[in-house]
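Student: Sequence:
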Amino acid sequence: MASKIFASAAAAVADIGHGASLAVGGFGLCGIPDALIEAIAQCDAADLEVFSNNCGVDDHGLGILLSLGRIRRVTASYVGENKEFARQYLAGELEVELTPQGTLAERLRAGGSGIPAFFTPAGVGTPVADGGIPWRYAADGSVAVSSPPRETRIFGDREYVLEHGITTDFALVHARLGDTDGNLVFAKTAMNFNPLAAMAGRITIAQVEELVEPGHIDPASVHLPGVFVNRVVHTGLQDKRIEKRTVASSGARS
Numbered sequence: 004m005a006s007k008i009f010a011s012a013a014a015a016v017a018d019i020g021h022g023a024s025l026a027v028g029g030f031g032l033c034g035i036p037d038a039l040i041e042a043i044a045q046c047d048a049a050d051l052e053v054f055s056n057n058c059g060v061d062d063h064g065l066g067i068l069l070s071l072g073r074i075r076r077v078t079a080s081y082v083g084e085n086k087e088f089a090r091q092y093l094a095g096e097l098e099v100e101l102t103p104q105g106t107l108a109e110r111l112r113a114g115g116s117g118i119p120a121f122f123t124p125a126g127v128g129t130p131v132a133d134g135g136i137p138w139r140y141a142a143d144g145s146v147a148v149s150s151p152p153r154e155t156r157i158f159g160d161r162e163y164v165l166e167h168g169i170t171t172d173f174a175l176v177h178a179r180l181g182d183t184d185g186n187l188v189f190a191k192t193a194m195n196f197n198p199l200a201a202m203a204g205r206i207t208i209a210q211v212e213e214l215v216e217p218g219h220i221d222p223a224s225v226h227l228p229g230v231f232v233n234r235v236v237h238t239g240l241q242d243k244r245i246e247k248r249t250v251a252s253s254g255a256r257s
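Numbering of the sequence shown is given in the working numbering, commencing with residue 4 and proceeding in unit increments.
Think of the hints as simulated: they come from the structure by calculation, not from any bench.
Don't take each hint at face value.
Derived EDC-like pairs: lysine to aspartate or glutamate, alpha-carbon spacing no greater than 20 Å straight-line [stated by the list, open to error]:
#	residue 1	residue 2
1	7	213
2	7	184
3	191	221
4	191	212
5	7	216
6	86	61
7	7	212
8	86	100
9	86	62
10	191	213
11	86	98
12	7	18
13	7	172
14	86	96
Quick list of simulated restraints, FRET-style, between CB atoms [unchecked claim]:
#	residue 1	residue 2	range
15	142	253	41 to 51 Å
16	213	17	17 to 27 Å
17	153	252	40 to 50 Å
18	71	142	13 to 23 Å
19	153	221	34 to 44 Å
Note that CB positions come from ideal geometry on N, CA and C, so glycine has one too.
Take the sequences, apply the hints, and build the full model.
Tutor: The structure is reproduced here in structure tokens:
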């Protein structure tokens, strides 16, 4: 069996080309595959379609690719903390599909599990189901593309809306610990969207802080089995940015 270990992040992402779709783990700046994102920024891949909870901040995470004009479309549940994201969306330079956070998580899980679609009550009676959410604006501020209405169905006495599973060309994730077979362990809240994004990718690339040989990780401690992971890069401990720092004033009482 070919080795899953790649010598560098650049080598691991080298075949991500124009128009590729990416499922990207992380939440805010927690647990993001920053080394892999930076490696893509050093390549010329553009016109990318990204599925991620959010798009980083202006100068870190997916915000780097966004500021370089490399991303064509984003499916996310939260787009705050990024002024360039808002500017591109309102200027008609970026297509954005907003989806409820739990729905996005389940769409990734479903796609990775081979489930093409599912019904959920989230979004029923709102523009999520009824359509009309601006996906892309025109340069003059008018709506160029809006979300279509979605199929709804009654189960029992409750209405549900149809959502489609997500599969992507590549998935990028960050793990605290991994072995050379691709089994991964995530740290605390950094688990967030990482396992789900990993499942959705046809080719999944993991950056790991610590790399060990098979057998060093207790099977009961594995969060994501290596069957979902195609490539592993040992990046070591990356700088962990804080998205928002709140401190007490010097005169505040404890």
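Student: Each of the hints needs a verdict: does it hold here or not?
Tutor: Hints and how they fare:
1. 7 x 213: It holds: about 15 Å lies between the C-alpha atoms, which stays within 20 Å.
2. 7 x 184: It holds: about 7 Å lies between the C-alpha atoms, which stays within 20 Å.
3. 191 x 221: 17 Å, holds
4. 191 x 212: Holds: residue 191 and residue 212 sit about 14 Å apart, inside 20 Å.
5. 7 x 216: Roughly 12 Å separates the two Cα atoms, so the pair holds.
6. 86 x 61: 7 Å, holds
7. 7 x 212: 16 Å, holds
8. 86 x 100: 17 Å, holds
9. 86 x 62: 10 Å, holds
10. 191 x 213: Between residue 191 and residue 213 the Cα gap is close to 15 Å, so the pair holds against 20 Å.
11. 86 x 98: Holds, at roughly 15 Å.
12. 7 x 18: 15 Å, holds
13. 7 x 172: Given pair residue 7, residue 172 holds - Cα atoms ~17 Å apart, limit 20 Å.
14. 86 x 96: 14 Å, holds
15. 142 x 253: 41 to 51 Å: Since the Cβ atoms of residue 142 and residue 253 sit about 48 Å apart, the hinted range of 41 to 51 Å holds.
16. 213 x 17: 17 to 27 Å: 24 Å, holds
17. 153 x 252: 40 to 50 Å: Given about 48 Å between the Cβ atoms, the range holds.
18. 71 x 142: 13 to 23 Å: 20 Å, holds
19. 153 x 221: 34 to 44 Å: 43 Å, holds
Violated hints for the displayed structure: none, as all numbered hints are satisfied.
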